[in-house]
Amino acid sequence: MSTLQMERREFLRFSVAVSGGLLIGLYLPGADRLAVAEDRSGSVFMPNAFLRIGTDERVTVIVNHSEMGQGVYTALPMLLAEELDADWNKVAYESAPVDPKYNHPVFGMQITGGSSSVWSAFEQYRNAGAAARAMLIAAAAQRWNADPATLRAESGVVLDGTNRKLSYGQLAEAAAKMTPPAKVTLKDAKAFKLIGTPVKRLDTPEKINGKAVFGIDVKNPGMLTAVVARAPVFGGKVKSFDDSQARSMPGVRKIAAVPSGVAVVADSFWQAKVARDAVRIDWDEGEMHAFSTSQMMQQFREQAKSPAKSVRRDGDPDAALAQAAKKIEAVYEVPYLSHLMMEPLNCAVDLRADSCEIWTGTQFQTVDRAAAAKAAGLPNEKVQIHTTFLGGGFGRRATPQSDFVVEAVHVAKAAGVPVKVVWTREDDMQGGWYRPAFLHAIVGSVDASGNPVSWRSRLVGQSIMSGTMFESMMKGKEYDPASVEGVDDLPYEIPNLAVESHQAEVGVPVQWWRSVGHSHTGFATECFIDELAALAHRDPYQFRRALLTKHPRHLAVLDLAAQKAGWGKPLPKGRARGIAVHFAFESYNAQVAEVSVTDGKVRVHRIVSAVDCGHYVNPGIIAAQLEGGAIFAASAALFQELTFENGRLQQTNFHTFPVMRMNECPEIETHIVESNEKSGGIGEPGVPCTAPAIANAIFAATGKRVRKLPIRMTEAV
Amino acid sequence: MISFSVNRQGVNLDVDPSTPLLWVLRDNLGLTGTKYGCGMAQCGACTVHLNGEAVRSCVAPVSRAAGKEVTTIEGLSPDMSHPLQRAWIAEDVPQCGYCQSGQLMSAAVLLRENPRPSDDDIDQAMTGNICRCGTYPRIRKAIHRAAGLMSTGGAK
Chain A
1 MSTLQMERRE
11 FLRFSVAVSG
21 GLLIGLYLPG
31 ADRLAVAEDR
41 SGSVFMPNAF
51 LRIGTDERVT
61 VIVNHSEMGQ
71 GVYTALPMLL
81 AEELDADWNK
91 VAYESAPVDP
101 KYNHPVFGMQ
111 ITGGSSSVWS
121 AFEQYRNAGA
131 AARAMLIAAA
141 AQRWNADPAT
151 LRAESGVVLD
161 GTNRKLSYGQ
171 LAEAAAKMTP
181 PAKVTLKDAK
191 AFKLIGTPVK
201 RLDTPEKING
211 KAVFGIDVKN
221 PGMLTAVVAR
231 APVFGGKVKS
241 FDDSQARSMP
251 GVRKIAAVPS
261 GVAVVADSFW
271 QAKVARDAVR
281 IDWDEGEMHA
291 FSTSQMMQQF
301 REQAKSPAKS
311 VRRDGDPDAA
321 LAQAAKKIEA
331 VYEVPYLSHL
341 MMEPLNCAVD
351 LRADSCEIWT
361 GTQFQTVDRA
371 AAAKAAGLPN
381 EKVQIHTTFL
391 GGGFGRRATP
401 QSDFVVEAVH
411 VAKAAGVPVK
421 VVWTREDDMQ
431 GGWYRPAFLH
441 AIVGSVDASG
451 NPVSWRSRLV
461 GQSIMSGTMF
471 ESMMKGKEYD
481 PASVEGVDDL
491 PYEIPNLAVE
501 SHQAEVGVPV
511 QWWRSVGHSH
521 TGFATECFID
531 ELAALAHRDP
541 YQFRRALLTK
551 HPRHLAVLDL
561 AAQKAGWGKP
571 LPKGRARGIA
581 VHFAFESYNA
591 QVAEVSVTDG
601 KVRVHRIVSA
611 VDCGHYVNPG
621 IIAAQLEGGA
631 IFAASAALFQ
641 ELTFENGRLQ
651 QTNFHTFPVM
661 RMNECPEIET
671 HIVESNEKSG
681 GIGEPGVPCT
691 APAIANAIFA
701 ATGKRVRKLP
711 IRMTEAV
Chain B
718 MISFSVNRQG
728 VNLDVDPSTP
738 LLWVLRDNLG
748 LTGTKYGCGM
758 AQCGACTVHL
768 NGEAVRSCVA
778 PVSRAAGKEV
788 TTIEGLSPDM
798 SHPLQRAWIA
808 EDVPQCGYCQ
818 SGQLMSAAVL
828 LRENPRPSDD
838 DIDQAMTGNI
848 CRCGTYPRIR
858 KAIHRAAGLM
868 STGGAK
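Residue numbers (this note's numbering), protein chains in the order written: chain A, 1 to 717; chain B, 718 to 873.
Simulated from the structure, these hints should not be mistaken for laboratory data.
Hints are supplied without guarantee of correctness; some may be wrong.
Unchecked claim - Keeping only pairs whose Cα atoms sit at most 30 Å apart, straight-line, the calculated DSS-like set for lysine-lysine is:
| id | chain 1 | residue 1 | chain 2 | residue 2 |
| --- | --- | --- | --- | --- |
| 1 | B | Lys-858 | A | Lys-200 |
| 2 | B | Lys-858 | A | Lys-569 |
| 3 | A | Lys-211 | B | Lys-858 |
| 4 | A | Lys-477 | A | Lys-309 |
| 5 | B | Lys-858 | A | Lys-193 |
Said to hold, decoys possible - Far from chain A, some chain B residues (derived; all Cβ distances over 12 Å):
| id | residue |
| --- | --- |
| 6 | Ile-719 |
| 7 | Lys-752 |
| 8 | Glu-786 |
| 9 | Ser-868 |
Since we're looking at a predicted model, the values are computed, not measured.
All C-beta atoms in this analysis are idealised placements derived from N, C-alpha and C, irrespective of residue type, glycine included.
Working from the sequences, and respecting the hints, build out all of it.
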């Protein structure tokens with residue numbers, strides 16, 4: 001866990017800074033060699049933890065990241081198959097069990113997050129493929145009594161200079177007896193055949209015929225289904241409950257108090273749900289019984305008036321602001337947000353006296369296993385997690401407290417039989433762990449010729465890391481780096497800059513939500529730079545360009561998005577463009593949004609998104625992530641807000657927390673910058689620019705500034 | 718006892734007739750390709766065909782299916798040959814994949830009724846199906862592609 005001692009940004013940078021050397025050092029080809037006794041269905045060659053090759057030619061890649069839509073079941077096999085010179089048509093995927101050998105090579109635990117799957121696997125999976133390829137060639141050389149250096153591999157076969165060839169399936173048994181190479185040589189990027197191409201996703205077939213198994217689809221022998229009644233207020237506890245009616249309802253097998261509420265266990269979901277709704281519970285609502293978000297935001301506004309913990313300070317912002325020729329102040333506010341994965345939370349548990357098996361869609365296997373072991377009263381190694389497909393994750397399925405896994409273990413304990421806990425949509429939305437609400441109070445100034453002189457951002461919001469195992473990342477700091485990421489590294493050349501952070505203490509559980517801090521810092525900073533441009537009477541695109549001369553990668557995506565969007569060219573009447581650029585998760589993104597506003601209703605017509613994510617693996621998946629990121633962000637910008645009154649969440653389902661639909665979806669165009677830089681992330685970087693690009697376009701169309709999300713034209717100023 | 722047919726096979730079930738068809742399909746019949754997303758006909762993840770019409774099975778009591786023919790994603794085609802399935806692969810549509818059964822079942826009714834749908838027709842037919850991953854642009858392209866496959870005799 002030593003990497004956790006490093007602050008998150010530092011370890012991201014660290015990973016980028018180290019050459020392949022360290023990663024190769026962490027990955028020891030052959031060291032994790034599995035016993036042949038673990039052979040499964042004709043897979044006889046298992047050179048390392050990431051690969052099995054069978055006599056049937058099947059190449060199975062074991063993937064240590066969770067597939068939640070971002071394409072890891074395709075991108076990671078591509079990395080391995082590239083160096084293996086496998087026949088892509090024979091490649092299959094399998095999710096890894098929980099085991100330290102599947103740990104993220106930088107984060108030191110099994111986790112899918114931080115848009116890090118591809119860059120963390122970039123050499124790990126290629127090394128695994130290259131080592132296996134060398135062993136297959138060695139096996140062929142032995143068979144032919146030839147010098148391995150005279151042989152080559154291509155599309156699943158080893159060939160010599162004559163007409164001789166042996167397929168990987170034919171070589172599998174012999175290759176298993178070869179000594180793993182001490183060192184492997186990876187291909188030069190110019191020789192890549194798969195990496196960099198838009199290979200079709202491997203998991204599409206089973207996702208379009210009903211066969212893909214998500215956590216909610218898991219069915220084990222003797223398994224019952226549970227639905228849990230949880231407190232209507234965060235921190236609430238069961239005082240007493242009356243299950244007299246529920247107990248006699250059809251299919252109900254058990255009703256029991258668990259730490260999170262009252263669990264109803266039945267033969268089927270519907271029976272459990274109907275009976276759950278019939279349990280009458282008297283709650284001790286606790287300290288949050290009167291909580292209201294409107295009051296909280298009022299407190300945030302007050303708090304923002306006083307200085308806060310310093311995050312960054314360049315020059316003398318106070319003096320510069322005092323002497324400013326022209327200055328402007330703006331307060332930006334964003335609400336709590338639900339991740340709202342299409343698949344509501346669920347978790348299946350088979351708890352025995354000396355073992356605990358778990359089936360769920362999780363992003364956080366190592367942490368979940370430890371938490372489940374503790375709840376089950378078993379040592380870690382007695383707990384296994386089978387990671388299913390995730391019907392969306394967006395951060396919710398990586399909970400430091402493992403809430404939905406721990407609860408399911410408690411329910412299994414109470415039920416005494418294998419059980420699957422299923423959350424209703426309403427349970428899921430009200431279950432907490434939201435994107436925190438934030439307020440950014442920003443003041444900035446320009447000189448008489450329109451050049452920015454000063455900028456002070458003061459943030460108020462809850463910490464995600466505080467009180468969790470990730471608190472160590474805050475060490476030596478009085479603020480949460482996840483709160484200020486994206487503003488603490490503001491790239492614009494402004495001589496006097498201050499970033500300050502107020503940490504609000506509120507009893508609403510908060511968590512990473514696709515793009516984490518960038519989801520609000522991108523909005524606030526990219527709207528405010530636009531406001532400064534207007535104050536300086538400059539074009540917002542050119543204004544940014546002039547302040548980014550030392551940031552060529554920012555400039556390149558900004559220029560690409562502007563050019564492809566036709567920045568400055570005439571548009572149909574009523575339409576206008578807005579622009580934004582942001583760096584997050586080691587990738588650069590710029591977006592131009594085209595909008596119109598009719599009778600107070602905002603319509604987004606088109607979004608052009610340009611990304612530099614370094615050396616890329618699958619441009620088709622990258623385009624999909626940019627499209628999806630923009631739609632995810634536009635949903636939040638246009639529609640989404642969680643509010644509380646009397647401690648109770650006011651939103652329950654899609655009708656009160658809407659998601660963008662087909663008829664509202666803009667045309668989306670994506671462009672990728674060709675790059676040989678180290679790979680960056682792609683799941684999250686496409687999110688931060690969308691809201692500010694839309695808001696800035698609204699200003700261009702109407703002259704009104706949007707400073708609060710979701711966008712309501714009645715609140716624009 | 719409620720009798721109906723699912724993917725051309727007859728079933729007789731002793732279930733509470735008010736149980737939503739979705740949960741009968743999933744829990745009693747093991748057809749888990751049809752998904753639960755909202756329980757109130759808001760998201761379309763549970764879309765199946767009832768006598769050829771797209772219905773939200775999360776709010777349709779199983780009694781409504783009595784004597785009728787239900788088709789689920791598992792019955793869309795026996796071998797992935799439906800033009801929509803082929804188009805879905807060609808356009809690399811799914812991300813997490815959870816909503817895609819419902820998307821396909823809605824699109825299948827659209828194409829049967831309207832073999833050359835316009836973008837507006839697609840909006841009309843598909844707006845009831847939410848995709849949280851944001852695959853809408855690809856769904857739109859794939860529906861157009863499937864329409865093309867059908868018109869050129871590509872459909873089996």
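Do the hints match the structure? See the list:
1. Lys-858/B <-> Lys-200/A: holds, 16 Å
2. Lys-858/B <-> Lys-569/A: With a Cα-Cα distance of about 27 Å, the restraint between Lys-858/B and Lys-569/A holds, given a limit of 30 Å.
3. Lys-211/A <-> Lys-858/B: Distance ~24 Å between Lys-211/A and Lys-858/B Cα, so the pair holds.
4. Lys-477/A <-> Lys-309/A: holds, 9 Å
5. Lys-858/B <-> Lys-193/A: OK: Lys-858/B and Lys-193/A at ~27 Å, within 30 Å.
6. Ile-719: holds, 14 Å
7. Lys-752: Violated: least Cβ distance 7 Å, not greater than 12 Å.
8. Glu-786: holds, 17 Å
9. Ser-868: At roughly 21 Å from the nearest Cβ of chain A, Ser-868/B sits farther out than 12 Å, so the non-interface label holds.
Of the numbered hints stated above, the single one contradicted by the structure is hint 7.
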